Amino acid sequence: MTSTIPTSDGASAVPPTFSELLATYCDDAPAPSPISLTAILTGRDADPMKLIAYYRTLGIGVTRLDDLLLINDDKTEEELHAFQCAEGIALSIASDGIFVFFVP
Amino acid sequence: MIDIRADDIVAERNTNDGRFVLFTRTDLPPRYPLPFLGVSLDTGGDCHGIIVRLVEADGAEGWTALDLLLTVQARAKAEAKRRATKPTIAMLYHLAQAVRSERLRRPSRDVSGAPNFRPGNAASSYPWTVAEMRERTLPLCPDPESREGGVTPEQLLIVLDQLYADVAAAQRSNPFVRNARLHVGNALTCEQQRLVELRG
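Chains as they are written, first to last, in my numbering: chain A, 1 to 104; chain B, 1 to 200.
Bound conformation, chain A alone (with noise of 0.2 Å):
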């Protein structure tokens, strides 16, 4: 499932950059540094904060960046929303009110 910003008619708007999703959503929150999902996936850099992890807890194995979508299917899953974004997926981390950003 894709998740842009809706739009005052409910039509889903082209995805925002992370820049434009992070100054939408919250303002004052810091800009984290962009993810490399393959640089986890090849074992180049660790899992930071063990989302990828995470994710196959929930049945959910990310092989490709659009699978961290799927965490929105979960009915369950309330700590993380995955946002589409021009550059990669973002997903925000209820608990902690914060955005981790994946790249390619």
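Hints listed in this document are in silico derivations from the structure and should not be mistaken for laboratory results.
A short, non-exhaustive set of chain A residues, derived as facing chain B with CB atoms under 7 Å:
1) T24
2) Y25
3) C26
4) A29
5) E78
6) H81
7) S92
8) A94
9) D96
10) G97
Computed footprint of chain A on chain B; a stretch qualifies when at least three of its residues, placed anywhere within it, have a C-beta under 8 Å from a C-beta of chain A:
11) 75-89
12) 93-103
Source: prediction; values computed, not measured.
For glycine and all other residues, C-beta sits at the position ideal for the given N, C-alpha and C.
Once you have looked at the hints, place chain B on chain A.
Positioned in the frame of chain A, the structure of chain B alone reads:
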């Protein structure tokens, strides 16, 4: 009708659609850190009373600031799951900041469990509508528009907004109180904005 002496009401606030939030000092213990002990909340035709305390050590049985923050945060998470709109995501950011500040503000040895959440009797868009804490219950509105019976998230944020305003007046130099107050105020604005957008 609610039975509260006018002299006991220390503050009266309202939601944007007119639900009252009455702060009362009936049975206020000596040296209590807040100017009020009870809060009467208009549930849309009825009234629900809660006891509010800053932390558990204040002695009175009731809802601490952290209990109320965690309850409204949990509702905001459920709302974001239902519909992840700008005001709700922004509200989660501000609530997370407020929770963090409140945890830092609390005495280190102070212990608090987290509220439990369970479904109520009314059909709801949310997986739960009743918050429970130490056998106290807080029935929340079952509908996202906060029109039906129950305490609304906006009312809980008003309680927290008043609580932090009162604490800030007594602890002007405490950065955690200042930060929590700022973010609770912002969260309240977000919730009111969410309701405006939802109600149309």
